[in-house]
Amino acid sequence: MNATAQALVLPFITQVTRAVSLSENVKVLGGIPFAEDGTYLEWLSILGFTIGCYYVIYTFYALCFHPLRKYPGPWHLAVSNIPNRWSTISGNSSYWLYDLHEKYGPIVRVAPNEISYSDPQAWQDIYGPQPNQRLGMPKDPKFFSSFEDKKTAASIITSQPKDYMRMRHIYSYGFSKQVMLAKEEMIQGIIDRAMEALRQTKQQPQDIVQIFRATDFSIVTEIVFGKAYHIFDRPTYQPWFKSLMGWIRSTAVITATTDYPLGKLAAWLLTPRSVLKQRNVYLKYVNGEIEERIGESNAGRKDVVQLMFETTDQPKLAESDIRANLPFMVIAASETTTTLMSGMIAHLLNSPDALSQLTAEVRGRFRSPSDITIATVNNLPFLNACVNEALRVYPAAPTQLPRVVPGEGATVCNRWVPGGTKVYVAPYATFRSAENFYQPDAFLPQRWLPENGESFDVDKKNAWRPFGLGAHECPGQVITNLITRLIMCKLLLSFDLELCADSQDWLSRQPVWIVWDKPELLIKARPAAA
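Residue numbers are given in our numbering: position 23 of the sequence shown equals residue 13, and the series is strictly consecutive.
Everything labelled a hint here was simulated from the structure, so no lab data went into it. Positions of the beta carbon are idealized from the N, C-alpha and C atoms, including for glycine. Please note that the accuracy of each hint is not assured.
[Stated by the list, open to error] Straight line, CA to CA, 20 Å or less: simulated DMTMM-like cross-link-like pairs of lysine to aspartate or glutamate: (1) Lys451 x Asp431; (2) Lys274 x Glu138; (3) Lys292 x Glu174; (4) Lys274 x Glu212; (5) Lys173 x Glu300; (6) Lys274 x Glu286; (7) Lys514 x Asp343.
[Claimed, not checked] Estimated spans, in silico, between C-beta atoms of each pair: (8) Gly409 x Ser346: 49 to 55 Å; (9) Ala519 x Pro73: 52 to 58 Å; (10) Asn270 x Pro119: 37 to 43 Å; (11) Glu281 x Gln228: 17 to 23 Å; (12) Pro57 x Glu463: 26 to 32 Å; (13) Gly179 x Pro57: 56 to 62 Å; (14) Arg516 x Arg357: 17 to 23 Å; (15) Glu441 x Ala218: 41 to 47 Å; (16) Ala432 x Ser358: 32 to 38 Å.
Please construct the entire structure, taking both the sequences and the accompanying hints into account.
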């Protein structure tokens, strides 16, 4: 609580404590003051009155004297962060922020000490390099520490600038195009196995989300651990990749409770038991694989773990650093790719013209699946436009990533923000704002083409930052973009797709726990005519 508010409220508490201690008619039993007649209602009333005064005074302070008092937003959010945190716990945060920005504008006070932005300039002001902050504003330590299951070492999520750049160098190379080219045969084999699995369905409804997830997970774990898990053929590992959302959702709840006393207990109570069970399954599998891989540190594999051991950067990463980073890395690299592809195919199946145009482009460029390679998939303009538009209307990472304004304060969107304030860009609200994009709720890939027409001249393309900005820009975006293009090209070359009736409303109000909690997306895949 702010020092000014404390100065107003603490005298009330002091007076009550003093009254209790001086009273000759009070006995203390078990630390609770009782009157001689055995009741404690009088003192309970005083305590209740004191607490009531505390909140009345704090509310008055938050609305009338707080440094953020002039920022727009509903009054109840200025006095409590509970609505904000509950929106995260309930999976409604992205929509909640969108509604607030639609009503109050591009800058909104969403908690007593928290501001959300949908103004494109905020990307640079918050996350971009600053004169005294090369990596942008500092991360909110409470929020980001929620992603770590072990506090014995810092991960790339919570590390300080020096360690962060050292870790980022490893991850950027481990998920680079160069590494993917070296592993292309393996990647193509996994994708071809996924296409074969679809072909074997004989046009029966299939959940394409799970097919995408199994494919992405197989590729990412091969790149990270150097080991082929063959998810399609080995049921042993299927509980692992199916438990990803359990870890993600439970982590989202933890991020919402870190501000409170007994926050971990609150997170445990507020998370469904089935979700906690999934979290434990995920951690059991991933930690087991980490220990096995660390035990083979001299195996000579060309994977991300080997890069961690062989890095020439000093100081070298300790085994504890590796253990702290890998659980999140596997999810971040695989689930964002699954999200992008699921959202893209859902929008295409609901946009027949766009699907027809993309299918024609793919089949006009490639004659057989073997023609589809890492070197050839980037030269399809409409495919690139569809990927960009999918990332706009269905961002792979729709959750806001809070930063803390440095102690000296900073200017964000031409307004002064005092030090210690939490600030962030709300991606979903930003990408869906009519202030930033023409027909923001429509899936219109043509907006990303050079010959897009005058209607799209109003688009503020600098509002579109699907992988973040600056030094903290997602190091896994290369693998996400390449895998998405490879799979989409092979899928549309090999099959004619149909959306099943049960999935017609798939895009409506999905919960968001860091990423979209994607339900079944049922499709029928009919082999394309030769």
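Going down the list of hints, with the structure as the test:
For the hint linking Lys451 to Asp431, the alpha-carbon distance of about 15 Å falls within 20 Å, and the restraint holds. Only pairs whose Cα atoms come within 20 Å are accepted, and Lys274 paired with Glu138 is accepted, the gap being roughly 15 Å. About 13 Å separates the Cα atoms of Lys292 and Glu174, which keeps this hinted pair within 20 Å; it holds. Between Lys274 and Glu212 the CA atoms are separated by roughly 18 Å; this keeps the pair inside 20 Å, and the hint holds.
As the CA atoms of Lys173 and Glu300 are separated by approximately 19 Å, the hinted pair is consistent with the 20 Å bound. Pair hint Lys274 plus Glu286 holds up; C-alpha atoms about 19 Å apart against a cutoff of 20 Å. For the given pair, Lys514 sits about 19 Å from Asp343 by alpha-carbon distance, which is consistent with the 20 Å threshold. The hint said 49 to 55 Å for the Cβ distance between Gly409 and Ser346, and at roughly 54 Å that hint holds.
Look at Ala519 against Pro73: about 54 Å separates their beta carbons, and that is inside 52 to 58 Å. Checking the proposed 37 to 43 Å range against Asn270 and Pro119 shows it holds: the Cβ atoms sit about 40 Å from each other. A hinted range of 17 to 23 Å holds for the C-beta pair Glu281 and Gln228, which are about 21 Å apart. At roughly 30 Å, the beta carbons of Pro57 and Glu463 sit within the given window of 26 to 32 Å.
In this structure the hint that Gly179 and Pro57 lie 56 to 62 Å apart at CB holds, the actual value being about 58 Å. Hint check: Arg516 to Arg357, Cβ distance near 19 Å, so the stated range 17 to 23 Å holds. The hint said 41 to 47 Å for the Cβ distance between Glu441 and Ala218, and at roughly 44 Å that hint holds. Restraint check, Ala432 to Ser358: a C-beta distance of roughly 34 Å satisfies the suggested window 32 to 38 Å.
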